[in-house]
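Per full-length UniProt numbering, the very first residue in the sequence shown carries number 1; after that it's consecutive.
Check the hints yourself; a few may be wrong.
The calculated label-pair distances, taken between Cβ atoms and stated as ranges, are [stated by the list, open to error]: (1) T237 x E73: 27 to 35 Å; (2) S21 x G95: 40 to 48 Å; (3) P238 x R315: 24 to 32 Å; (4) N229 x A156: 19 to 27 Å; (5) T84 x S282: 36 to 44 Å; (6) D175 x A247: 13 to 21 Å; (7) E189 x R279: 49 to 57 Å.
Keep in mind the hints are simulated off the structure, nothing from the lab.
Ideal placement from N, C-alpha and C gives every residue a C-beta, glycine not left out.
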Amino acid sequence: MCKACDYTIHGAQHHFGWDNSLPPALRAEPGSTILFHCQDSSAGQLGPSSTLADVQALDFGRINPVSGPIFVEGARPGDALKVTIESFTPQAFDGRGFGWTANIPGFGLLADQFPDPALNVWSYDPASLAPALWGKEARVPLKPFAGTIGNAPAEAGHHSVVPPRRVGGNLDIRDLAAGTTLYLPVEVEGALFSVGDTHAAQGDGEVCGTAIESPMDVVLTLDVVKGANLKTPRFTTPGPVTRHLDAKGYEVTTGIGPDLMSGARDAVSNMVDLLCAQRGISAVDAYMLCSVCGDLRISEIVDMPNWVVSFYFPRCVFE
Numbered sequence: 001m002c003k004a005c006d007y008t009i010h011g012a013q014h015h016f017g018w019d020n021s022l023p024p025a026l027r028a029e030p031g032s033t034i035l036f037h038c039q040d041s042s043a044g045q046l047g048p049s050s051t052l053a054d055v056q057a058l059d060f061g062r063i064n065p066v067s068g069p070i071f072v073e074g075a076r077p078g079d080a081l082k083v084t085i086e087s088f089t090p091q092a093f094d095g096r097g098f099g100w101t102a103n104i105p106g107f108g109l110l111a112d113q114f115p116d117p118a119l120n121v122w123s124y125d126p127a128s129l130a131p132a133l134w135g136k137e138a139r140v141p142l143k144p145f146a147g148t149i150g151n152a153p154a155e156a157g158h159h160s161v162v163p164p165r166r167v168g169g170n171l172d173i174r175d176l177a178a179g180t181t182l183y184l185p186v187e188v189e190g191a192l193f194s195v196g197d198t199h200a201a202q203g204d205g206e207v208c209g210t211a212i213e214s215p216m217d218v219v220l221t222l223d224v225v226k227g228a229n230l231k232t233p234r235f236t237t238p239g240p241v242t243r244h245l246d247a248k249g250y251e252v253t254t255g256i257g258p259d260l261m262s263g264a265r266d267a268v269s270n271m272v273d274l275l276c277a278q279r280g281i282s283a284v285d286a287y288m289l290c291s292v293c294g295d296l297r298i299s300e301i302v303d304m305p306n307w308v309v310s311f312y313f314p315r316c317v318f319e
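Using the sequences and the hints given, assemble the complete structure.
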């Protein structure tokens, strides 16, 4: 419930992929505050009682539903849509927040090293957002955000929701959390804004391809900035962005070489090996933990011919 909201977009008002010919779910005036009931990225195919068989049976035509689209009156190509991110409230199942993290064969940074499916189902307190337990080994700090948030592109036709685009989309930027202001390029009249793919937590890079995928209610305020002429999205955070992870420091591994993608793979693979050796957990569990709370960073990109990619894993998860 959002007492200050002007409109509500219900869970059934969603679509798969981007298409500027879709009829809007709502026409809203600039400055409107809207409550979105967002489904998880499986569109409900996975739930609190799901098993590995459900991962293997996933219908990929129903992945990443986004709620909307919203036609914002007065938005024109060349403008920016200003999205003020007000709040995230996890949807409760028997009083608990629910999420899932999976290794999906063929998907993820190390897909060749992890060909078999895996699943972790999370349960957490939706009110306190206290760190979520991973078995007996780990406690992952939570920071809700929307993984997919964007406008319709100018190109006609249906476009996959999986890759990010210059108008936003599947950005998977952890810092698009409550309090952040996001600016999205507008390419079609009304912007045709949609949001979904809500996460309870994610590391920068989302290396296994999934975060803590969790259905949430999202409150956003939409406004128009005339003549902004943005080439790509930009955003402003209200303050520090890693306080939930910083307290105990980090374990860091690196990848070094002439290719950033290879460097990223090496940095993550080295962290998986380190976590297995230090904590005695399985490689796939280490890989999925890296995806929900570890951060890939480009540490050096000027001293050719080799670049440095680092992977930061927060020690607070195990302490």
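>> Please check whether S21 and G95 have a Cβ separation lying inside 40 to 48 Å.
In response: Between S21 and G95, where Cβ atoms are some 41 Å apart, the hint holds.
> Falls inside 24 to 32 Å, the C-beta gap from P238 to R315?
Replying inline: 26 Å, holds
>> Can you tell me whether the CB distance of D175 to A247 sits inside 13 to 21 Å?
In response: 18 Å, holds
> Is 19 to 27 Å right for how far apart the beta carbons of N229 and A156 are?
Replying inline: 22 Å, holds
>> Verify the CB-CB distance for T237 and E73 against the hinted window 27 to 35 Å.
In response: 28 Å, holds
>> A range of 36 to 44 Å was offered for this pair. Does it hold for the Cβ distance of T84 and S282?
In response: For S282 against T84, whose Cβ atoms are near 42 Å apart, the range 36 to 44 Å holds.
> If you check the beta carbons of E189 and R279, does the distance land in 49 to 57 Å?
Replying inline: At roughly 53 Å between Cβ atoms, R279 and E189 fall inside 49 to 57 Å, so the hint holds.
In terms of the numbered hints stated before, the structure departs from none.
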